[in-house]
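Protein chains in written order, with numbering that gives the first Met the number 0: chain A, 0 to 275; chain B, 0 to 275; chain C, 0 to 275; chain D, 0 to 275.
Bear in mind the hints are in silico, worked out from the structure with no lab data behind them.
There's no promise every hint is true.
As the list claims (entries may be wrong) - Below are the EDC-like pairs computed for lysine to aspartate or glutamate, each with C-alpha atoms no more than 20 Å apart in a straight line: (1) D/K268 <-> D/D17; (2) A/K265 <-> D/E249; (3) B/K136 <-> B/D164; (4) A/K246 <-> B/D194; (5) A/K20 <-> A/D228; (6) D/K12 <-> C/D164; (7) D/K185 <-> D/D228; (8) C/K1 <-> C/E249; (9) D/K81 <-> C/E249; (10) B/K246 <-> C/E16; (11) B/K20 <-> A/D17; (12) B/K1 <-> B/E249; (13) A/K12 <-> D/D17.
There are 4 protein chains.
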Amino acid sequence: MKRLDATILNIIKQRPEDSFKGNFGKVVLIGGNANFGGAIIMAATATVYSGAGLVTTATDTSNSFSLHAQLPETMFVNYYDKVQLSHLVSEATVVVVGPGLGDDFHSQEVLATVFANTSANQTVVIDGSAITMMTAKQIAQPAGNIIFTPHQMEWQRLSGIKIADQNVAANQAVQAQLNATVVLKKHHTEIYTADETYQLPIGTPAQATGGMGDTLAGMIGGFTAQFSDSIQATLAAVYAHSAIAEKLAETQYVVLPHQISQSLPKFMKQSVNNRG
Amino acid sequence: MKRLDATILNIIKQRPEDSFKGNFGKVVLIGGNANFGGAIIMAATATVYSGAGLVTTATDTSNSFSLHAQLPETMFVNYYDKVQLSHLVSEATVVVVGPGLGDDFHSQEVLATVFANTSANQTVVIDGSAITMMTAKQIAQPAGNIIFTPHQMEWQRLSGIKIADQNVAANQAVQAQLNATVVLKKHHTEIYTADETYQLPIGTPAQATGGMGDTLAGMIGGFTAQFSDSIQATLAAVYAHSAIAEKLAETQYVVLPHQISQSLPKFMKQSVNNRG
Amino acid sequence: MKRLDATILNIIKQRPEDSFKGNFGKVVLIGGNANFGGAIIMAATATVYSGAGLVTTATDTSNSFSLHAQLPETMFVNYYDKVQLSHLVSEATVVVVGPGLGDDFHSQEVLATVFANTSANQTVVIDGSAITMMTAKQIAQPAGNIIFTPHQMEWQRLSGIKIADQNVAANQAVQAQLNATVVLKKHHTEIYTADETYQLPIGTPAQATGGMGDTLAGMIGGFTAQFSDSIQATLAAVYAHSAIAEKLAETQYVVLPHQISQSLPKFMKQSVNNRG
Amino acid sequence: MKRLDATILNIIKQRPEDSFKGNFGKVVLIGGNANFGGAIIMAATATVYSGAGLVTTATDTSNSFSLHAQLPETMFVNYYDKVQLSHLVSEATVVVVGPGLGDDFHSQEVLATVFANTSANQTVVIDGSAITMMTAKQIAQPAGNIIFTPHQMEWQRLSGIKIADQNVAANQAVQAQLNATVVLKKHHTEIYTADETYQLPIGTPAQATGGMGDTLAGMIGGFTAQFSDSIQATLAAVYAHSAIAEKLAETQYVVLPHQISQSLPKFMKQSVNNRG
């Protein structure tokens, strides 16, 4: 198992002078039912602040007001509009599905529409209740370069490995079956890929608060949309998430998820600068 | 009567490295009718910024937009959905009921649902109009470790002691009957517990503004969810609330309630650091 | 005509240690139709940040979300609810009516309800379209200690004096008939009272932007609720409004109204400190 | 082709002492359907923060909450209310149409109402999908001093010149036919006017993110409302937009559109100060 360190941030490259927003990907985030709207707002905020070119948030209509009240930089789509959602997903560079999606019948419909419209050349981040529904309803893994971001209980559901038995070898075996990247969120998060297993040696207990995972999912969406190797981009997102939290935790007892996102533009710039 | 001092903040402990959000409690806040939505928003903000692990706000649907527009870190539940509210309350570590709840027939229904679902191992903070309705409608005290947070008029209603007659002995007698912790909010707030009576010697007139009590109720919710002795946690919340206000009042004529909440992460970290 | 100077800020008194929110007044603001919701939000923000004890905003229901999204410290009432509005107005210390109220039939109904419920011991600030409707519909001046805050065109409508003819003597004559305080908003605002006429010698063209008048109306509401002489309090609000703007304009080309409000707590504290 | 430099900022003049909001123009912005509300919010924010006197935003009703939640300084109009929209447009100094407007049947109706009510003495900024609809539906250019703000694909649609063939001579020829100012947004944006072609030599790839164009459209609206030569004002807005972005990009990997707007008051003041 390889320990991640700050060199992974080298994936954050200096943007070429002649850039336009189309160079930095189209990210679509799907989630946020009438109860969990905050989750998709936090995820979309992370995507926007990490520099993705175009960000659209497909969510329950009741969330559109609070979304735009704090993040005018994203577009909104009603995720029950199958025509619009299908089109949106099929046109995306990166799809992030799950934050606050819920797991009722309506959520399943949304998930089915998303999964029916992804394709092999897309990155698809599957988070939260999207993972839970896949296992509960035996929904097949969609087309695309898949990144799962389960916490330990969600990983138990997806992998069939009980939390107590979640060791590296067992996890690697399931990762191989899934043919996906797995970000197993825990104290010292582990990332399983086809070639290597990574461990995150940093982090702070000040991060242990609701919404941190949604923010991470959004960051992975933003990083994979911009930086060409999706595994390296995922690792950099995981590392940056905790590195920012550690910095904030020097003066804060708890770190709020939105603070991680708001710190991204300066953190990413410093990473570029540090390489000289 | 014992005077509180800064040593009570020792209850704010350094978090163990291997923490996850589940270690820091599930807090459910119930309140905020169509008129008083700001009250429950302020309370929930205080709970989130004090570091509680998972925070859900059960309120009138019309408040969900403004809630998530400023606090995506909380989940939302329509408090008229009895099934969802019952489930939510029964699963909580700490329940905070009352901020902006109002006292009409609908508010009584909500209160009845909450009280029917608490249990002995939970902490239940009863604030504002929840206290008023208990006395006006002779609603029995619910199961749980009860913390009342009345101002003097609410205490008159609850205790039957007129404001002019609210002295320590009389208050202690009623506290014993209630078998609850009583935070009597006033200039130099008093806290009545089974074993001891405490007085808060700090505070500032810059705190004398609408919403300060809602913020305190939310802080008590956040502190009792995280720190194991609920009385000590309550005392620490009361002290921190006024200590932060005093600090802000050095440069402000009035302190806004949301500013107290936003100051919590740094204040709590400093408290930990001050102990070396 | 007397020139206002910073000594008028002496009305901002050090709060007594043993204060509670009830000492600092109940202010009710009425305004903000479906189009002009921002106006009443700006006014209410000014009232809250100036330190009023309890602030309620009666406005169109469509404004409740945006109001609470940025100002949870105020309560909300639907201004078409005549029962609630009547009760609210009759219980207030200070009433501010007009910001963004509009002047259609519905606005007239609201204004009539407000005017029918004020009483002699209340301060009533009449602003914007409330002034326009009084003159267009010949609505009589309500009971109370009246403060009009017209700009020059509104003063022309109210006084019958054309802008070109608005000189001190003519204005004083109408002020005497009205038996009210008149804050005539213009470059070097003039304040007409029964005993004296004042001129504001400060101010900046960076203030010349929409919403500044709404903010001033809210500040007058907040100051008169707290400081006992309503004329002195009005003068102090007018002075503070422009003094803060001047300070901000040292580094800003335009000053946004909400920035004035957010500067109030520190400005007011400095005023108290400057007196030693 | 003339290279723009900081001297163009001299158009930002010191405001005369005796100013009132009426001196700084009435700007009406029209755009923001149910999906793209963020675009018109960002545009209106730029207009307000650049110092326009009175700013009204005509948009889908669903955007009114998020608009006022962050920008109380603007008024709101439902853009499907033809009577109100017609009146509003005909009374404006400057009209900005297009940000987030969409291009469906309803959007076309709105555009037709706007175009039917402009007049020769107004400045009309035509952006985004308004350009697309003009070309797709062969809608004639409206009365007024027209400023188009296309990106390269929109310019292809409007001019008939394919992106690969968009050179200065070809663009100048179409500009002459259109008899309008054209701000062709790209790396090193070009501005085509009747007398001269300008190139913007500054800018940063940190600007390459969704919403930057909406912000620029709003700034052009705000600058042309205040500064008498509309071409000079447009050039200054284009320059200021990128100059602010460059400054922010010194410490940020990506610059958020709303950060440009919030920086305007200080940037504009510094421009005035730099001239001594």
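Under the constraints set out in the numbered hints, which ones does this structure not fulfil? Numbers 3, 4, 6, 7, 8, 9, 11, 12, 13 - these are the hints that the structure violates, sorted from lowest upward.
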